[in-house]
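Protein chains in written order, with the numbering used here: chain A, 1 to 367; chain B, 368 to 503; chain C, 504 to 859; chain D, 860 to 1225; chain E, 1226 to 1565.
Just so you know, these hints were derived from the structure itself, not from any lab. Bear in mind that the values here come from a model prediction, so they are computed numbers and not experimental data. Be aware that one or more of the hints could be misleading.
To be verified - One side only, chain E facing chain A, incomplete, derived with CB under 10 Å:
{"no.": "1", "residue": "T1244"}
{"no.": "2", "residue": "P1293"}
{"no.": "3", "residue": "P1377"}
{"no.": "4", "residue": "P1499"}
All C-beta atoms, glycine included, are put in the ideal place defined by N, C-alpha and C.
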Amino acid sequence: MNDLNVGGDRPRPYRGAVDCDVQITVPHRDALLPYLDEYWRDVSLQRGLQTLDTAAFPRQAPINARPDWRLPEPASVRDQLRSLQVNLLDRYGFSAAICNCLYGVQLLHSEDMGQSIARALNDWIAREWLDNEPRLRASIVVPMQNPTMAAEEIRRVATDRRFVQVLMLVMGEMPLGKRYYWPIYEAAEECGLPVGIHAGSMYRHPVTGTGWPSYYAQDYFSQASAFQTQLTSLILEGVFGAFPTLRVVLSETGVSWLPPYLWRLDKYWHGLRSETPWVKVPPSEIVRSRVRLTTQPFDTPADPAVVERLLDHIGSDEMLLFASDFPHWRFDGDDLLPAGVSPDQIAHISRANPLATYPRLAEGVVP
Amino acid sequence: MAYHVVAAIEDMPPGSRRVIEVNGRAVAVFNVEGEFYALLNRCPHQGADLCNGLLTVAVTSTEPGIYDFDPSRNVIRCPWHAWEFDVRTGKSWCEPNRVKVRSFKTEVRSGKLIEGPYVAETFPVKTDGTYVLVEA
Amino acid sequence: MNLQNLGAIDCDMHPVVPELKALVPHLPANWREAVESRGIPGFESNAYPQRAPITARPDWRDDAGAPPAGIDRYRKAVMDRWQLGHAIGNCIYGVHMVLSEDMAVALATAVNDWMAAEWLDADPRMRASIIVPWQNPERAADEIDRCAADRRFVQVLMPVMAEAPLGRRHYWPIYKAAERHGLPIGIHAGSAYRFPVTPVGWPSYYVEDYAAQSLGFQGQLGSLICEGVFSKFPNLKVVMIESGVSWFTPFLWRLTKFWRGTRSEVPWVDRPPLEIARDHIRLTAQPLDAPDDVETVGRIIDQFQSDEMLLFASDYPHWQFDNDEVVPAGLSAISIEKMAVQNPLATYPRLRETRL
Amino acid sequence: MNIALTDTADKSSARQATALVDCDIHPALRSAADLRPYLSLRWWDYLQTYGLRSRHGFAKGTPFPKIVPGAARRDAWPESGPPGSDLALMRRQHLDHHGITMGILNPLSPSGGDQNSAFSAALCSATNDWLVDAWTSQEPRLKASVLVPYEDGEAAREEIRKRAGQPDFAHVLLLSRTSEPLGKRRYWPIFEAASEAGLPVATHVFGYSGFPSTNSGWPSYYIEEGAAHPAGCQASIASMIFEGVFDRYPDLRFVVIEAGFGWLPALAWRLDRAWHRMRDEVPHVKRPPSEYIRERVWISTQPMEEAPQPQAVAQTMADIGWDRLLFASDYPHWDFDDPKFGLPPSLSAEQRDHIRFRNAHTLYGL
Amino acid sequence: MEKDIFSRLAPRWRTHIATVGMLARQGFTQEMQYPKGQPMAVRRDAFPPGGGMPGSDLDFMRAQHLDPNNVQFGVLIPLGAAQSLQNIDLSVALCTAINDWQVEEWTSREPRLRGSIVAAYQDPQAAVAEIHRLAGKRDFVQVSLLSRLPNPIGHRSFWPIYAAAAEVGLPIGVHAFGNGGWAITGGGWPSYYGEDMMSHAQTSQSALASLVLEGVFERFPTLRVALIEGGLGWLPSLRWRLDRIWERSRDELAHLPRPPSEYIRESVWLTSQPIEEPANRQHIAEVIDWIGWDRVLFASDYPHWDFDDPQRAMPLPLSRERRDRFFLKNALDLYGIPHG
């Protein structure tokens, strides 16, 4: 565990920040049993369901827990929460943190099972996390297996104002822009929630367009490519036109891929516009106004000059959302944002942008 | 500026096009269903000859899945990168009003302002009953 | 074999779209333009390469050796020759492989309109299946509603390999529309090629592709039953077309056995899959993957424990049989009549409307 | 979870003392630590850190949750460890109880299909060592499978060579859902090495190709996954025939395990028809596919087909050939076949003997 | 063009193509999965006046491209499905025919042009044999692969090809495209050609990550790889991301003693087309600063519709040295063409 002494003279530029991507983990299968209805509780036990940890985030892989944040497994909710408070919330004085729970609900093939476990998970998050720490907010986990069910779950959970976003995995069964998924966007927009797309896969397809890789490292790497293809899909399928107030947050994507990707997309749009005539403005404009990215991992070298140039290439101070990606091992020490981000940009990224992106944060977050 | 004779009208039936040289510049002239239009024969993007492009329709849409095909919205689609330009105005269908002065020079040529980076230069065309005339 | 005077009903024959140009007049303006400006050559499927032997019987091919297009050839080779009462045209042009929903909608509409104009109007005995853009089930349902007004469309056609198993709820709007109009769902060999045609990857040879089609039917039958399509749509019938037939009973033995152990997972499957299949599934009888001996064929048909399941089909122009051997050897005259007349009439209610 | 075993041992079969070969018994690791002695430090760490990585998304468990815990008979759970991990219980409950004279161990986890092929090779080798130390050397009635990293033909060949000639091993084991059809050239080194070693190659259903388990996309339910397995086996057999594997490796014998058998005649008929129409495409396939199947493919009985007309099952067996069927129990799994009650009652004593042991004795050279 | 090539095949394969065609893990016989935006994906002005397919007429190519653009050195990369056919023997036969065709119809007639050894890399032994057959000829300057097959391109089954290329000193060109039969995105099948085109950049990234992470450059330190037609803007981001993963995954990547960026910096070249076009063109220069001006190669993609015109592809004031490197010298160095 980390040194608990927070009274020293550490630089603390992040007071009041909103951490937009914090991972919480279901300690073991049985943690959700109290939240399942009788039938699914029985199924879990009688069929011997295992934990639904996904291969996208092997718990023991170094990249998935910063060494000084790593807890002995299975880590109880209490231990995880305490670590979060000590290492982040209290230490830096964050005003809020948004929890994303990446449990393999979406990987199940049965729509009904996916739905029941998603419900249990959301109730578990509300009861065991949000009730115990007023600074926490959470994303609604949805059964992507069936967009209608997912929309129902959004409407059910959204009545709890502490849920501030809808959570999807970046790799589903079909590209996320397809009309198949539109009920999800409709519900999210109706509830005033951004859709957070997070690294992760339903594993209906290999994680790359070129087949199954040998190493976890490539699986992890490929998540960044997946965001690129999904952003293309969302734009070209016309999601942003059909849902004019919808915002999309890309979480744990890496950031540095964005500018060259947009250059390419704008260029192809010029030649292929007639294929998707509902895309009426350059894709980069759509992205700048409607898409946000969380800042860890950032995927740049430590050189502040590179970061500065990259921010210039992004061309907007409004696109980035502050995130620690706790407990994943994205950075060491206290450098929550890469060197090269100016104080003014920090203010945008850590506070103004999250508050603008998540309207519900304004309710009850300590200024 | 003066009008230049391009062709006899009967030599340019509807659907035809030809390239003429006016003051050292190549100009593509199109007869679109009896209306004549002239564009600088040079795509503002990477310089392809627009006269080799496809004269077609700019499809529009009110929502995804709807393709609104109005044959009066003629565009020339560049033979290389398929960028679309309104045959009347020369404006890029994608970004008609984009003038990004920060990184692109605008320039004045033959007394005519070229609007922003992606506008194909157009020329007035008229007919006098016998000939097609382009002003340049 | 003796079909004469029965007024037999050919439940699977294939009108061939000679080339994309034939559909262009039936396309909306935008897509007409796209065919031209994008240089789209056409959507013929690799499932039946034009010159592959299976794709057309040699004596049915046209003079250039291509699969025969146009109704005249079919009339001569099959309809008049065997004095058929009706024939159901299943057009297997590659609409089902298109990735853009909108393009699929446009093409499906065009094929259906082409079918009505070129085939149904040309011979009062012709009937056809509605091609649907399964890529978007709501719009597929719209297309069913649109075409069903023409009573000569007697079935809805789906490919055996699409993007997700056909039992998934995603596809239910299609079944709802079909049931509403009293139309069976015909599932035909062919893949959208979203996945390899075998569950273990892409084969080297076309012959494997063709052989693997029957695996697709196995998966789909499992899906339709396990997802509860027949519980939800109790009046729906599904016709498995060009499936090979002999795989059917052994597959159901296995499914029924597993069901006994795993019924609790799919509690809406409230009776043995074998029984459900017997009530809801029909199979066209060409090809029949069996040896040419009477005894084995008889045994396969016995194992159905029902004489109502097979539907007579020529599978024209595919090369499934030679000469006049369109009915598998080993059937009694009564069975032939069941298969060629009574079963089709029971399966396709709309055929009864015009039957004398 | 465990249910006490009442001694209902089948005295009559014990008295008969005829042979009975069970071609499909599943041993299980008590825990991953069982492999610790056989793995290098590097791979042991790797296993701890990254776990097994099949071509699916779950870190533990499988994409379709089983219908019962561990897919096992509820009475097969030992005092500790998973079903199949306790030799004493296996002896008492299975080998002794049913009078099994020889059983072939087919481990399913780890399998040879890990995404990291070097790791997969190490795991297979370790598992094979463990099979000898913990099982075959302890119990003479048991034989093991040579587990191979089948997605890497060369590495698989090495492992087969390493085990060739060891009497502990009965066959080479693959899982059925390979990432490409099994006849493809990448797998030929396996067939070559197995032929050299005189070992049959067996494929057991399961594994993760990375493609959907049906060729029409991902199904929803475990029952569908189970029902779909034979399709993969059918595709593998078709591929081996059309790629010319059986011509190229004339000594190769192929065994299909846990896929049932009812589908095999229909497959042979279909392939014959297709081959007759399209033999120009595969001129290297000299004979009708049914002949390769008849001569070179063996098939295990479990899960036994249960048809409404029992004679249909016997007839299907006759179509396959009485000399090609192998009894398998699938112990300790839930869809286990009991050797006494599993086979159709109408079989003659001779037919029964063929299935119970004669065919296996011939195939495995006992 | 196809006829030229098919006529070089044994009768057996000609019959085969006439009968079942060329199966390539997709469903259409003529159309591609995503119908192109332009007929055959070519420039509308690239159809030779004398007939034939774009890119099939050397004189016209000279007149339209080589001469006016002052192309001093052009590398031919024949595309098409030959390399990713399901039938591997046919693939091998076709690749051989294509290679012979390149010599006879192109490189022997036009000294400015050099060919690429098109390798049937699904059969590594055959590919190696083909490399050895042709490597000594001046006609060929690289071995050409496509980015998509059922297995990621770094997979060790392909290593014999890398060994052979390293041995004969030819770079490997990995062109975007091919067809592995998997959806082009990790999240399934997209709808539009635009998405397909965008995704090629992602498959190029996957291909490069695979080459690095599987240890190809560690194993074959003299191997050089040029990534073609995937654009180039994404490379810095990819390098940064891989380095970070490598730091965190040293035990999984124990076979990589050095950070990925070093292998990439030493062994990987990128072609420019379709070059990204940021609103502020200076940004592309900054990206190339990060990549290295010695590692970028101009490519036109002639005669395809997303062709980059050499006069317009780099609309920036560049130093003479950078301009020379980008347009000529880097390529001459990479492909081993002597120059002053």
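Now for the hints, and whether the structure bears them out:
no., hint, result
1, T1244, "violated, 30 Å"
2, P1293, "violated, 22 Å"
3, P1377, "holds, 5 Å"
4, P1499, "holds, 6 Å"
In this structure, the earlier hints numbered 1, 2 are contradicted, and the remaining ones agree with it.
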